[in-house]
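Read off the chains here:
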Amino acid sequence: MDDIAARRLEADELERKFADIHVPLDRKRALIESSRCYFCYDAPCLQACPTGIDVPGFIRKIATDNVKGAAITILSENVMGGACARVCPVEVLCEAACVREAQESKPVRIGALQRYATDWLFEHKLQPFKRGAATGKRVAVVGAGPAGLASAHRLALSGHEVTVFEARPKAGGLNEYGVAAYKVPNDFAQAEVAFILAVGGIHIEFGKALGRDVTLAKLRQDFDAVFLGMGLAGVNALALDGEDMAGVLDAVAYIERLRQAKDKGALEIGRRVVVIGGGNTAIDIAVQARRLGAEDVTIVYRRGPEQMGATWHEQELAQTNGVRIKHWARPLRLMARDGRLKEVEFEYTQLDEQGRLLTTGDRFTLPADMLFKAIGQTFVASPLGELLELKDGRIAINADRQTSLTDVWAGGDCVPGDDLTVTAVQDGKIAAAAINRALRA
Amino acid sequence: MADLRTTFAGIKSSNPFWLASAPPTDKAYNVVRAFKAGWGGAVWKTLGEDGPPIVNTASRYGALEVGGQRMVGFTNIELITDRPLQVNLDEIKQVKRDWPDRALIVSLMVPCVEDSWKSILKRVEETRADGVELNFGCPHGMSERGMGAAVGQVPDYVEMVTRWCKQHTRMPVLVKLTPNVTNVLGPARAAKRGGADGVSLINTVNSIIGVDLERMAPQPVVAGKGTHGGYCGPAVKPIALNMVAEIARDPECAGLPISGIGGIATWQDAAEFHALGAASVQVCTAAMHYGFKIIDDMVDGLSNWLDAKGHAGVAGILGRALPNVTDWAHLDLNYKTVALIDQQACIKCGLCHIACEDTSHQAIAARKAGGERHYEVIDAECVGCNLCLYACPVTDCISMVEVATGKAPITWLEHPNNPLRQTAK
Chain A
1 MDDIAARRLE ADELERKFAD IHVPLDRKRA LIESSRCYFC YDAPCLQACP
51 TGIDVPGFIR KIATDNVKGA AITILSENVM GGACARVCPV EVLCEAACVR
101 EAQESKPVRI GALQRYATDW LFEHKLQPFK RGAATGKRVA VVGAGPAGLA
151 SAHRLALSGH EVTVFEARPK AGGLNEYGVA AYKVPNDFAQ AEVAFILAVG
201 GIHIEFGKAL GRDVTLAKLR QDFDAVFLGM GLAGVNALAL DGEDMAGVLD
251 AVAYIERLRQ AKDKGALEIG RRVVVIGGGN TAIDIAVQAR RLGAEDVTIV
301 YRRGPEQMGA TWHEQELAQT NGVRIKHWAR PLRLMARDGR LKEVEFEYTQ
351 LDEQGRLLTT GDRFTLPADM LFKAIGQTFV ASPLGELLEL KDGRIAINAD
401 RQTSLTDVWA GGDCVPGDDL TVTAVQDGKI AAAAINRALR A
Chain B
1 MADLRTTFAG IKSSNPFWLA SAPPTDKAYN VVRAFKAGWG GAVWKTLGED
51 GPPIVNTASR YGALEVGGQR MVGFTNIELI TDRPLQVNLD EIKQVKRDWP
101 DRALIVSLMV PCVEDSWKSI LKRVEETRAD GVELNFGCPH GMSERGMGAA
151 VGQVPDYVEM VTRWCKQHTR MPVLVKLTPN VTNVLGPARA AKRGGADGVS
201 LINTVNSIIG VDLERMAPQP VVAGKGTHGG YCGPAVKPIA LNMVAEIARD
251 PECAGLPISG IGGIATWQDA AEFHALGAAS VQVCTAAMHY GFKIIDDMVD
301 GLSNWLDAKG HAGVAGILGR ALPNVTDWAH LDLNYKTVAL IDQQACIKCG
351 LCHIACEDTS HQAIAARKAG GERHYEVIDA ECVGCNLCLY ACPVTDCISM
401 VEVATGKAPI TWLEHPNNPL RQTAK
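Those sequence lines, one after another, are chains A and B.
Under my numbering, the first residue of the first sequence carries the number 1, and numbering increases by one thereafter.
Under my numbering, the first residue of the second sequence carries the number 1, and numbering increases by one thereafter.
Isolated chain B, as found in the complex (with noise of 0.2 Å):
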């Protein structure tokens, strides 16, 4: 059984899977729920400054369904914590004595003023949570308010506030980072350049998830109109994934911890996470559309599948996809495969020959043999792009089969048809 205890940026949790911080740990009855549950930690929902709370909207949530399956993406225009902070820090005191094997973080947002920040940390401070996650990261409302992503998109503003939350607590900083920039760098080195234990990311993509054409709005509809809102879910995590790799390869960024979130549910997203360098993962929108009791798969899966592989813990696998993610520069031209239909396995639906037939490169050929349906691959045609591969619905029935060509490997930075190539000289 493979020890998942965790340590990321000097915070201890029973195993790497965290709540992130949302809706789900907006109170002490849910984390509660989590924590029973066997979540490993939670970052709780984002607190702002003292004073009269804020206010949420009716109609929050939107989702995206594609072909059956619900929740493939999900958006909320929902803003932080709408409970009286004194009330929150309570039952943050309560929660992190009653349960200290777990990892209690707290998300804050508060404006861009040193002693809002100073004066925040310490009452955090008070109730011996963890951390704390600077939220740098929500696209909608708050960033109305020159907070959230309107401070994370400034990588000088990251930086600042940053150094000011180091200056004024022992407690680990972590930065959440949003998606929300042409460069993921920019605000991640800015973090580490202000002193920041570790990055988290990504926040929720800006997005507008659908349009009711009814009400002829965008979703969620509050009174007739809607906002722009924050997208997560399955969906996001192909840009997660490429975000936290970009992070953890830059050689500016070394060494700063980094917790995966984005799409996040099941044991493999978070294995993906951790090869990619992410040594914790947060998750949210899988909890919102299942309940607190997916982790108990997530942790058993990612065990098992550990103990298979021969790894003792998390550390096994963590960084270990990097050396394999580079530029397009560098990677080998002369390297073919093409695709190898199983015709045992082939239920005959032609999905193959019209994706290459009408969108690519004519590969697979369509005939009648014995009069049945019978699609094959036309070798000397195919570039092994995949694209019948993914259009084929049945499991393993198309391969990709590599071809030896013999060619000693190139890039397009040695190609011949680059007019920019480095030759040897």
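Chain A with its partners taken away, still in its complex shape (with noise of 0.2 Å):
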């Protein structure tokens, strides 16, 4: 087989591969697992989940088969709890501040619980939330990812008649596009969105990007209020010579299509891939890497775990997966044979005494048939047409995720903050509130 090759895997191998990550919690389970918990009063759970959900509250109804309820408790927080138990880095959340890890370094397993509540609703078609009375306000929302997606629903609830205007051909953001296949397999982003669209009162109009399709300005003049969900639109760089050669990819648009595939074993990989950075892409990339069958992965990051953006816990399923983690080492040279990516020659670094990362003049290389850069993702901040305040480099809000503009609101990526689902959907929630106050005002 060539070193960079489509088909690598059998069909059923591969489709074990990009299944489930996760077996859910059955409901015998699910019961015993609720049971761990211990109903702590004022839970740290609770606080630490960004989105405010009553954990406690939600495993004592699971425990108790109240799993609707359970669900209620869940989605009327977080209407993307769905997605959150998938995707959340519930081992430095909710589950890092569960009492019985400090007990016995096994917290109850709150994002499995809370998938099974959910999963459970969805099971069952329920649709608990109902659009209020019309109120003839209209909002523009961009994007249509989870922060987007929360707003959008926020104010449906509270009667406003919503446009989401969606660069792509799909909603959920990166739900759809980015996080890695095996954790939301069976196009449960899809049905997550649906779940949300059922409610009422939203209208996305896909392929319509700012800047391109729609301004800031026009939305301004057409609706009664906007909130922008954008995501990170640009990619870092290495800055290395020969950066355009084949064979050397961005991490996140080869995750884009390999979710977008049908059939995933036509994507080509390579025997021999180098994974750049430290964060959840770096960890995404390199898993799925090898769960494509290349033979050899490894991630190659300039500081140590401590300091790596990808939680312990990812960096485990990394290792599990037979990626290996290099640290403390950044590439120099890249180096090509009739054009195609052969080697890449790394550097070690470490810091000084101030804390400074430095080289160390040692050199190493590693035969790479395939590359992925995944060292970070930037706000592209010129579709905003400069009307808009930055601060470091994204949209600057307050607390209300108001934007230096009164009648226009932001969350998700495009603010400061972490990068995350459950981060996206409290910021669209907390802005739907303070629109819908805006607007009633």
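Hint data in this document are derived by calculation from the structure and do not stem from the laboratory.
Where is the CB? At the ideal position from N, CA and C, for every residue including glycine.
One or more of the hints may lead you astray.
What the hints assert, rightly or not - Some, not all, of what chain A presents toward chain B, calculated at C-beta under 10 Å:
{"#": "1", "residue": "31"}
{"#": "2", "residue": "38"}
{"#": "3", "residue": "42"}
{"#": "4", "residue": "44"}
{"#": "5", "residue": "63"}
Claimed, not checked - Below, simulated SDA-like cross-link-like pairs (lysine to any residue); rule was C-alpha separation at most 20 Å, straight line:
{"#": "6", "chain 1": "A", "residue 1": "106", "chain 2": "B", "residue 2": "214"}
{"#": "7", "chain 1": "A", "residue 1": "170", "chain 2": "A", "residue 2": "183"}
{"#": "8", "chain 1": "A", "residue 1": "28", "chain 2": "B", "residue 2": "170"}
{"#": "9", "chain 1": "A", "residue 1": "68", "chain 2": "B", "residue 2": "214"}
Said to hold, decoys possible - Residues on chain A that point at chain B, a partial pick, calculated with CB under 7 Å:
{"#": "10", "residue": "32"}
{"#": "11", "residue": "35"}
{"#": "12", "residue": "40"}
{"#": "13", "residue": "41"}
{"#": "14", "residue": "102"}
{"#": "15", "residue": "320"}
{"#": "16", "residue": "325"}
Assembly of the complex is requested from the two constituent chains, each provided in isolation within its own frame, with the hints serving as guidance.
This is the structure in structure tokens:
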């Protein structure tokens, strides 16, 4: 087989590799796991959840077989509770705060229980939400990712008419285009979008990008309020010579292809793959490369395991998938043969006494048929038309997620803070409440 | 290695652990398996009158599950043996012959007619069993036919039948008592008056273990209907301990050997019964849950613990807690404890705080200390009730600390707030 090839694995094996990474809890397991919850007072898990889900409350409902009540408790605070149950880094949020973590290093499996409850509601096709009486007010939402959908949902519940402008052909944002496939299999992102839209009063215009098909100025003219929930459109470059040679790829774009591919076997993957970066994208591309059949996958990160953006859980996932993680090194030179990447030369790094990252001068070389760049994404502000104040390169907001323009709110990856589904949902939720107050004032 | 051999009401056994009269002792097959596993004795499942055997239902058991723990409580609506009398007697005879060092007692339940008891006792004697246990306890089924608890709830009947049995057999006679009475001393004293060689208690507690909300019927459901059953398992242990203690400290029952029954699943459970005066113990539900192998740890654990405490056998602890069982009126009202939270062990769940705050004495403050949740007892408000200690999920995190009050002990009988107080003259 060539160094870069499609169909490294048989179709059925590939299907297994990209099936649900977690076995969902069945009723019995959910009952036992829920019984481990101490029902803490003023619970730390609840405080650790960016959307403030009443975790002990919903777990107690699972324990009494009131699964519907549990699901509604979750979804009332976080309408994307189903996605969050799958993609949230619970190991650094609610489960890290669980008192059983302090007691026995074995937290209650909050994420798994949340999935049990929300899956139950989806399976039973129940719609607990109802659109509020029409207010006649119209709100524009830019971006149909978690922030945009969460705000649109809340706004619809308040009776406002919402139009969402989405650049891509599908809604869901990174849950549809970015997250590793085995975390959200079976088209879960679209099922969740359908659940959110089912409440009514939300219209999505696909293929409409800000700055290209619509402008912020026009949206402010045509609508009573605007919520901006765009993602990060830019990717960082290595700044090395030959970065455009064959075999050097952008991880985000590749994952998007993988997620949208009907036939994952058709994707070409290298035999020896190197991933540069230390965040979740690096883990996601490395693990998926392995699952596509790559023989050797090495993540190279310029700092140590503690500094990696990926959680310890994600790092372990990579390692148990046969990914090697090499810390304290950064790429120096891309070496080609016949116009294709063949080797990457690295230099070792270390911190000096002031904590600055320096190179040691020592070098090593890794053979590589493919290199994935996963060294961060950036917010591209130009589509905003210089109307908004920025902070740290993203849209500046106040506690209400209001921007420097009083009729424009923003949330999700386009504002400063963690780039998580759960924080995006919370941004959308808070902004929607503020917009509702403003429109009713 | 402590010597666990026991003599109870003249009946010798290799250890104090007997299987109670119940489904696990219905046949030689089961009892032999139990003896092979190491059980010290068995009380054969209750035999009834000769003639057509009784008939049992399909669906006989129900269970209480708490927080994922199966069979915390257990109930049954099974009646006495449904096998022919002679089959049981033949098997009893063979088992006793094969296992001479084990106690083999035969449980009996026949109508309240002297001849019925006389004739069955004669036939049991022929098996060379070690003794009989009169089943005056089962609260379901047979009680509707005037047997079981229907007898056990009337002290006069208990005394009368016990006396008949003592007249008509040389075998030791144990009387199994029902807990379904307001005061267990009534039937216990009646058994003593009737000449019983010992009492065993408790039999099962009358109960409905649960309602099947789909079928709208009590569990266990038999063709859409259910009936009250006999409740047993770990959840009934507290009821049994109290009744054993009541009898053990009753002057009228003095010297009456007690076989403790009710929720015994471990050697610690057994030790508690021994400490309250039960010289032997009987087990059923735990064996039905886990099989006979549990006897391993029961024997081994009890023996190791007795060794550690410096006792040669069960006699060393028998009734040792009884002097400390008293009436409320004799408790020292000047004794004071307050809760102390071990801040190192605390996992900051807040359960002690909310239990005290919502339902007790507002004696545990919830604060933030350096951004961390922090719970601390307000000594002046703490009444020493123990609630926080039990709400706390961490073993030994909260302890109750004795506080010297400088006051002499005082009971309610002498307390100034008691209008009927006894004053020294």
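Quick rundown of the hints versus the structure:
With a least beta-carbon distance of about 6 Å to chain B, the hint placing residue 31(A) at the interface is held under the 10 Å criterion. A cut of 10 Å between beta carbons decides the hint on residue 38(A): the least distance to chain B is about 5 Å, and the hint holds. Interface restraint check for residue 42(A): the shortest CB-CB distance to chain B comes to about 5 Å, inside 10 Å, so the restraint holds. Against a cut-off of 10 Å between C-beta atoms, the interface hint on residue 44(A) holds, since the closest Cβ of chain B lies about 7 Å away.
Checking residue 63(A) against chain B: minimum C-beta separation of about 7 Å stays under 10 Å; hint holds. Distance hint between residue 106(A) and residue 214(B) is unfulfilled; the C-alpha atoms sit about 36 Å from each other, more than 20 Å. About 18 Å separates the Cα atoms of residue 170(A) and residue 183(A), which keeps this hinted pair within 20 Å; it holds. Distance check on the hinted pair: residue 28(A) and residue 170(B) sit about 54 Å apart at the alpha-carbon level, beyond 20 Å; violated.
Among the hinted pairs, residue 68(A) with residue 214(B) is consistent with the structure: their alpha-carbon atoms are about 18 Å apart, no more than 20 Å. For residue 32(A), the interface hint holds, the least distance from its beta-carbon to any beta-carbon of chain B being 4 Å, beneath 7 Å. The beta carbon of residue 35(A) is positioned within 7 Å of a beta carbon in chain B (closest approach about 4 Å), and the interface hint is therefore held. Evaluation of the residue 40(A) hint against chain B yields a held restraint, the C-beta minimum of about 4 Å falling below 7 Å.
Restraint check, residue 41(A) versus chain B: the minimum CB separation of about 3 Å is within 7 Å; hint holds. For the restraint placing residue 102(A) at the interface with chain B, the shortest Cβ-Cβ distance is roughly 4 Å, inside the 7 Å limit, so the hint holds. Annotation: interface hint on residue 320(A) violated; nearest CB of chain B at approximately 28 Å, more than 7 Å. Hint on residue 325(A) is violated. Least Cβ distance to chain B is approximately 32 Å, over the 7 Å limit.
In this structure, the earlier hints numbered 6, 8, 15, 16 are contradicted, and the remaining ones agree with it.
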